[in-house]
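Student: Start from chain R and add chain U according to the hints.
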Amino acid sequence: MDGISGKVALITGSSRGIGKAIAQKLAHTGADIAITYRNDRGSSRAKAEALQVEIERNNCRSILIQSDISKKDSVKAMIQAVSDGLGKLDYLILNAAKAPFKPIEKLFERELKQLVETNYLGNIFCIQQAIPLLEKNHGKIIFLSSLGSRFFNPSYPLGSMKAAMEAVVRDCAESLREKNISVNAVCGGIVKTDSFKVYRQYWDHLEKLPDDLVVETSEIADVVAFLCSPLSKGINGQTIIVDKGLSSTLIRQ
Amino acid sequence: MKNNLVSEATVLNELKKALVETLQVDEGVIKPESSFTDDLGAESLDFLDINYRLEQAFGIKMARHFLLEHIEEMFGEGTAIDDEGRLTEKAVTLLNLRYGGNIPKIEAGIDMDEVPAMLTVGPFAKGVLDILNTLPDQCPQCSSSDWKSEDGMKVSCGSCGESAAYTNGDDLIVAWLTNVQQEKNIF
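Sequence lines, in order, name chains R and U. Take any residue in the first sequence, note its place counting from 1, add 1241, and you have its number in the numbering used here. Take any residue in the second sequence, note its place counting from 1, add 35, and you have its number in the numbering used here.
These are computed hints drawn from the structure, not numbers from a lab. Among the hints, a few may not be true.
[What the hints assert, rightly or not] Only part of the chain U face toward chain R is listed, based on derived beta-carbon distances under 10 Å:
1. VAL60
2. ASP61
3. GLU68
4. THR72
5. LYS96
6. HIS105
7. GLY113
8. PRO158
9. GLY193
10. VAL209
Each residue gets a CB set at the ideal place from its N, CA and C atoms; glycine is no exception.
Next up, chain R with everything else stripped away, as it sits in the complex (with noise of 0.2 Å):
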């Protein structure tokens, strides 16, 4: 896609699922990849590694950095890392998260504190470190949501957080307006992702939900490709909804 080629991409959890299929789309336009992992000692370590492999084939420059956006010394540290290795800073994709399977009144303390500190704090942390940069080149923030945002999903209190962020990308948009920085947010339906393996464990029905509405993870990456372009300059402070159409119809036969 035009205009994507050399600039520089963050995407945050990009080891697997949708953040590792937007650094594919991205790194096959020519951008220039910063691929984070949270966990140094599970499998994150060693999927980033062989995404980075896989990207630096299409000759794109990309670094790994691990990182937990909960913390603020974290995300600090994440944001000089893009800028020591790759010089600059044109997209911040916001596609971490992280939170309990768990009905929302049944979440202790710890995990209520944890839910915030992750998928909300997190995600301004990142907005807000990575502000000096962006402003430079007419940056864009992308946030992936996800159809719990506005609808009931069972054992899905990161539902609640992605309608704070939701909110949070149209106050950006605005305030953030006249440092030329666009905020806008994909809101993902049913994704076949490692989320998804684990989701269908709470929702009987999910299973039988027909092939045709299931998004595929490069489906979600197109349309970020898309706000990353040139072609989505008329779009600002939207979220828009990639589900297949799910979403548009109250009962299905």
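Tutor: What follows is chain U alone, placed relative to chain R:
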């Protein structure tokens, strides 16, 4: 109640298959003493995927919540994990009782995020067997005692065809905790 028709070898085999598929590790590296996190690279999402695969294979319901969560559910927030996310003495006592003292390095004050790294393949397989061992004497549907399994994994009633009714993993942990509390009065 130990009418289990599924062998321990079959459980281990299916667990290995689930680990290979989920974590993309070589079957050869999986040992009963392998740590899920340190040796096999599992993360929290992976655990749930592994559970799902075992549920599909055996027709069981694995525990959705770990022992520490159940302790706090039953005895209140702060009983297993303190304000700073560290294990309490009582949590360590219960973890040792549950896993037969098989968790090395476990002690009060360690960060709760360190616990999954201490869990190993052997006790996890035993958890699956514990569920399979809850097969009742008689089919709850038709009262026949004719449980059958054609593939050695999924069990059904030879008389009415109903799938085996096992106790789910969470209920088993709750029952165990209730029992331990009655016997030892920990809280």
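Student: Please write out, lowest number first, the hints stated earlier that are contradicted by the structure.
Tutor: When the structure is compared with the hints, numbers 2, 3, 6, 8, 9 and 10 turn out to be violated.
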